[in-house]
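**Q** Whenever a hint applies, use it, and build me the whole structure from the sequences.
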Amino acid sequence: MKTARPPIGNRQSAIGNPLLPLLSRRSFLSTAGAASGLVASLRAAAAAKPHHDLALPTVGPLVDVNLNLSRWPLRRLPADETPVLVRKLRQCGAVQGWAGSFDGLLHKDLGAVNARLADECRRAGRAFLLPFGMVNPMLPDWEEELRRCAEARRMPGIRLHPNYHGYRLDHPAFARLLQLAAHRRLIVQLALVMEDERMMHPLLRVEPVDTAPLAGVVRQTPGVRLVLLNAMRTLRGQALRDLIAAGEVYVEISMLEGVGGLGNLLAQVPVERVLFGSHAPLFYLESALLKLKESPLLPGQLRAIASGNARRLSAECGVRSAE
Amino acid sequence: MNMSEIWDVHCHLSGVPGSTPEARLGKLLEYADRMGIARLCVFMGMQFVEDPSPEQMRQQNDEVLRAVRQFSDRAFGFVYLNPNHTQASLDELDRCVRDGPMVGVKLWVAQHCNRPELDPLIARATELKAIVYQHTWLKITGNLTGESTPADLAELAQRHPQATLICGHSGGDWEQGLRTIRPYRNVLAELGGGDPAAGFTEMAVRELGAERVIYGSDVGGRSFASQLAKVLGANVPNAAKQLILGGNLRRLLAPILKLKGVKL
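Residue numbers (the numbering used here), protein chains in the order written: chain P, 1 to 323; chain F, 1 to 264.
Simulated from the structure, these hints should not be mistaken for lab results.
All C-beta atoms in this analysis are idealised placements derived from N, C-alpha and C, irrespective of residue type, glycine included.
A portion of the hints provided could be inaccurate.
Far from chain P by the CB rule (all over 12 Å, computed), these chain F residues [claimed, not checked]:
no.	residue
1	M46
2	Q47
3	V49
4	Q56
5	A88
6	D94
7	R182
8	E207
9	K258
10	V262
Going by beta-carbon spacing under 8 Å, a handful of chain P positions derived as facing chain F [stated by the list, open to error]:
no.	residue
11	A79
12	P202
13	R205
14	S287
Below, a sample of chain F positions facing chain P; criterion: calculated Cβ distance under 8 Å [as the list claims (entries may be wrong)]:
no.	residue
15	G15
16	F48
17	R66
18	I140
19	G172
20	G193
21	D195
22	E202
23	G220
24	R222
25	A229
26	K230
27	L232
28	G233
**A** Right, here's the structure in full:
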């Protein structure tokens, strides 16, 4: 006997078909404050047009916590001009993006990198892009860079790349950096990888960050707010759960994989610790966006991941709310 | 036939919840429905086996047959072959494609695909109008012993110009893989299985033409979302996206589906 066959284009989910026509940002934002309005809009759109037309999907107001500006060292990217990236983010319903700089991976003059980053974010207008300054605790007088990020540039947080900068997470300078960042109420973003290690350039092979010491460091740093970027490729299972339990630790979904991946993640991690991150422009922004559709999520879960958790986190650190 | 349907050339039962093949395919279809994907091509069994014995090959294919028979209006099966067992592979081709419902061949990592052992398999698949999906990867970290590269596939394509060959993952390192297969018009580039790196689809369309680029996901290890995004997020014309998402696969499968009397 055959089991019941699911029909093409299930219209019963809260989100509906991902290949819906693009809802205009204005019409979307008019409903963004009310969950029921959001869900109703999407349901109505799904009912109106069940087959895809290749338009960009829109799922709600997004805060994308994993962006980079400037140039990826190994290839030009379709959206590596900031205005192009901003336009794409807005088309997808983003109301804010948290941005580091690709330059920070290899440049030694991080003061100049951060100055350009702050300037570029300012030009995007109305706090749409928030700059996360690059700090390398292996460089001389890195504490001054941290001070400038917090005081002179009024950045909401910093971004760390231990594997590109050549230190392990059991290095005393890393613990000191977390302490100072916590004291200044800075959000700390820590990127575990940037790309698939199997296809790296032979002259630029970088191992993923070993997170084994991290839970211990977090436990010893009260008040630290840590966002792990590009973590879902290497951090899984008990190690992930231990880290989440160690303190105020968040993950984002850019490298989350597996069919129904977000649903699987929520079985392990509380929803309030999951953020929307795309890793754009190195990754297609649509990848993270479509993950919000692939797994059946409750409206509250969707709102929290898409923007609510990031808004709460940044508000705790004194950042003006995303529009 | 709905020309805007999305067809996925690369799906597995492994990595999907469910205790039976049909339960797993049913689960995959639930997610496919959410993403607007109409048809899935499925190959290999409940667990991956890199160098299957003849008995294991049959078991893997039996599991796929069991699954696709349950959902024959939504899924196609590809027969999993091992060139290290030539006669057993030919027997499986006949059992699953000539005499069964399968429409393609899957070759994975048991043997480099430029080896002569593949020749009778490719020739027979071509006689049966079955398309051939060959996994390829080019890893700076080192390939598996029998893992093919795009260059291996290019050699095979040169020997079998009448065969329809799909370069799985476009070689992983797609910037090299796409260049490698570019001269061989009977080879298509599959986008699935790697990170959703921006620019991949744009380069594939630029270098090969949209009619030689094909969407696949590699679920359950990958998500439909990240792999669909490579097409939906690409800066290529909508007509190209339609070809990549389904038009090309429908064109490739049309002859064998017609032989089998499958109406779309």
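**Q** Work down the list of hints and note, for each, if the structure agrees.
**A** Structure-based check of all given hints:
Once the 12 Å rule is applied to beta carbons, M46/F is consistent with being away from chain P; the minimum gap is 15 Å. The claim that Q47/F lies off the interface holds: its Cβ sits roughly 16 Å from the closest Cβ of chain P, which is beyond the 12 Å cut-off. Chain P leaves V49/F outside its interface by the beta-carbon criterion, the shortest separation being 20 Å against a cut-off of 12 Å. At roughly 24 Å, the least C-beta separation between Q56/F and chain P is larger than 12 Å, which holds for a residue marked as non-interface.
No beta-carbon of chain P comes within 12 Å of the beta-carbon of A88/F; the shortest separation is about 31 Å. Against the 12 Å criterion, D94/F stays outside the reach of chain P, whose nearest CB is about 27 Å from its own CB. Every beta carbon of chain P lies more than 12 Å from that of R182/F, the smallest distance being close to 18 Å; the non-interface claim holds. Every C-beta of chain P lies more than 12 Å from that of E207/F, the closest at about 14 Å, which supports listing it as non-interface.
No beta-carbon of chain P is positioned within 12 Å of the beta-carbon of K258/F; the least distance is around 22 Å. The beta carbon of V262/F is kept farther than 12 Å from every beta carbon of chain P, the shortest such distance being approximately 16 Å. Taking 8 Å as the C-beta cut-off, the interface hint given for A79/P holds, the closest approach to chain F being about 7 Å. Checking P202/P against chain F: minimum C-beta separation of about 6 Å stays under 8 Å; hint holds.
Checking R205/P against chain F by beta carbon gives a least distance of about 7 Å; that is within 8 Å, so the hint holds. Of the supplied interface hints, the one on S287/P holds, with its beta-carbon coming within about 4 Å of a beta-carbon of chain F, less than 8 Å. A least Cβ separation of about 6 Å between G15/F and chain P falls short of the 8 Å threshold, and the interface hint therefore holds. Nearest Cβ of chain P to the Cβ of F48/F: about 14 Å, over the 8 Å cut. The hint is violated.
Nearest Cβ of chain P to the Cβ of R66/F: about 12 Å, over the 8 Å cut. The hint is violated. Among the interface hints, the one on I140/F holds; its C-beta lies about 6 Å from the nearest C-beta in chain P, closer than the 8 Å criterion. Taking 8 Å as the C-beta contact cut-off toward chain P, the hint placing G172/F at the interface holds, the least distance being around 6 Å. Because the closest C-beta pair between G193/F and chain P is about 10 Å apart, greater than 8 Å, the hint is violated.
Interface hint status for D195/F: upheld, as the beta-carbon distance to the closest one in chain P is roughly 5 Å, under 8 Å. Taking 8 Å as the C-beta cut-off, the interface hint given for E202/F holds, the closest approach to chain P being about 6 Å. Using the Cβ-Cβ criterion of 8 Å, the hint placing G220/F at the interface with chain P is satisfied: the shortest such distance is roughly 4 Å. The beta carbon of R222/F is positioned within 8 Å of a beta carbon in chain P (closest approach about 5 Å), and the interface hint is therefore held.
With 8 Å as the threshold, the beta carbon of A229/F comes within range of chain P, its nearest partner Cβ sitting at about 4 Å, so the hint holds. The beta carbon of K230/F comes within 6 Å of a beta carbon in chain P, closer than 8 Å, and the hint placing it at the interface holds. Proximity of L232/F to chain P holds as hinted, the smallest CB-CB distance being about 5 Å (cut-off 8 Å). At its closest, the beta carbon of G233/F sits 3 Å from a beta carbon of chain P; the interface hint therefore holds under the 8 Å criterion.
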